[in-house]
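J.: Residue strings, one per chain:
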Amino acid sequence: MTDDLDQIARMLDEGAPVTPGEPPAGVLEPWEVFRQEKDGDAMRHGGNVLAPDAELALHYARELFGRRGESIRLWVVRRADIHVLEDLDLLQPPLDRSFKKPGGYVMRDKLAAARGRAGTSKPGARAASHDGTGRRSEGER
Amino acid sequence: MTDPLALDPVLPPRERSERSARRWNEDLPHDERYEHFEAHVLGGGKIEPNDWMPDEYRSAVLRFVEMHANSELMGVLPEREWIMRAPTLRRKLALTSKVQDEVGHAQLLYRVAEDLGKPREAMFDDLLAGKTKFHNVFHYPTRTWADIGVIAWLVDAAAIVAQQALRDSSYGPYSRTMQKICWEESVHIMHGRDVVVTLANGTTAQREMLQEALDRWWGPLMQMHGPRSDRSKDRDLHWRIKARTSEELRQEFLTIYVPRILELGLTIPDPELAYDKAAGEWRYADPDWNELRTVVTNHGPKSQERLEFRRLNREATAWVRAAVLAEPKAAA
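One line per chain: the protein sequences are A and B, in this order.
Counting from 1, one number per residue, gives the positions in the first sequence under this note's numbering.
Counting from 1001, one number per residue, gives the positions in the second sequence under this note's numbering.
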């Protein structure tokens, strides 16, 4: 019981992952479960199970996340083997990154001005190009 | 139009503060941290296991999730009693599958609770010692097959009304787990309603059996969400651990299910039950809160028998847990 408490205390202790590598014999630890719903889908986090090794973790994952045919593939990853970056100074720096996104280029008015100078008219919908101006990109969803 | 040369590479202060939303994780004096935490939670933000959280929040989530996990685990016992007596093979399969699902929900929820710092064995100890509780509806006997229909349809419906609201819980792992659980519960409701509708189409004796089951279960169903509470004093609501008051949940349950029960020609055993159009809510006889208190403190008709079953079951399966831990797995 004390060992369990220590284990969980360590686990919850920020920035101090449980000792990586092979765990000592006979210790239950959390494994994160990822599942793929159908071919071509991304693996998505489903939840986690408590197991002493990968083999049992997969058995438990199958019982909890695949028993009604809702998954075609499961991954289990020992939680201690997951390394996290959540430093917002690095991930969300307070800098204007709009030049990296298609939405950062708004040229409707400039295009109209250019057409005016050239004496041309707006092309039809068939001529739609691939710059996706104004649309949200995959990464922004 | 934006002049590219005039573009300021740094975001204006308003947008900047939105981006550094997880301020409460930073090493700040307690009170300041607490303020950031509160602002985040009250603003609709989620808390993840590694985030800093006040002890009061941690223990409130733990208590809530543990009670939920206990209820899933104990809730299979009344239904389990009917697996061997299910009237057809398909019903037997559906009921077995429901029992399996509910134990699965207990597994998922105990995991959420464990990550908050309480080992599973300690949670079982407390459940068996009566230190923690499980839902009132699982302390009653299942006398007939109609009970199985009423439980799977109406008890699960009352539960799903609450559980759907929990998908918005501020505690991230709990809200995500509830999405999976609600999906599975929706199957249980269909299974239960199918049992009930089949009986409603049956013989006079079957219809009487159904009405008799509804008569017995209506009281516990109305008690299930608990007495009206003061919104401003409810800390679980304040921190958005749960999203709605007990009375809101009961009203929603009545709005959806009263018409469906009456549709089958059943009588709801509450002469005061009526929809008050002017007030926009249901009126009903005051549920027996003494019965609720008696039952959830393990003095219900089946409380001790079911806890005793868990006790014996825990002893009988101890060898499995020992076997799982005993053999160190050689690296493949």
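Where hints are given, some of them may not hold.
As the list claims (entries may be wrong) - If we take Cβ atoms under 10 Å as the criterion, some of the chain B residues that face chain A in the derived model are:
{"#": "1", "residue": "V1099"}
{"#": "2", "residue": "Q1100"}
{"#": "3", "residue": "D1115"}
{"#": "4", "residue": "A1165"}
As the list claims (entries may be wrong) - Computed spacing ranges between beta-carbons, pair by pair:
{"#": "5", "chain 1": "B", "residue 1": "E1032", "chain 2": "A", "residue 2": "A118", "range": "54 to 62 Å"}
{"#": "6", "chain 1": "A", "residue 1": "K38", "chain 2": "B", "residue 2": "P1087", "range": "19 to 27 Å"}
{"#": "7", "chain 1": "A", "residue 1": "D39", "chain 2": "B", "residue 2": "L1237", "range": "30 to 38 Å"}
Hint data in this document are derived by calculation from the structure and do not stem from the laboratory.
Owing to the predicted nature of the structure, the values given are computational and were not obtained by experimental measurement.
Note that the Cβ used here is the ideal one computed from N, Cα and C, for glycine as well.
J.: Determine for every hint whether it applies to the structure shown.
T.: Here's how the hints hold up against the structure:
no., hint, verdict
1, V1099, "12 Å, violated"
2, Q1100, "7 Å, holds"
3, D1115, "7 Å, holds"
4, A1165, "20 Å, violated"
5, B:E1032 <-> A:A118: 54 to 62 Å, "59 Å, holds"
6, A:K38 <-> B:P1087: 19 to 27 Å, "36 Å, violated"
7, A:D39 <-> B:L1237: 30 to 38 Å, "43 Å, violated"
In this structure, the earlier hints numbered 1, 4, 6 and 7 are contradicted, and the remaining ones agree with it.
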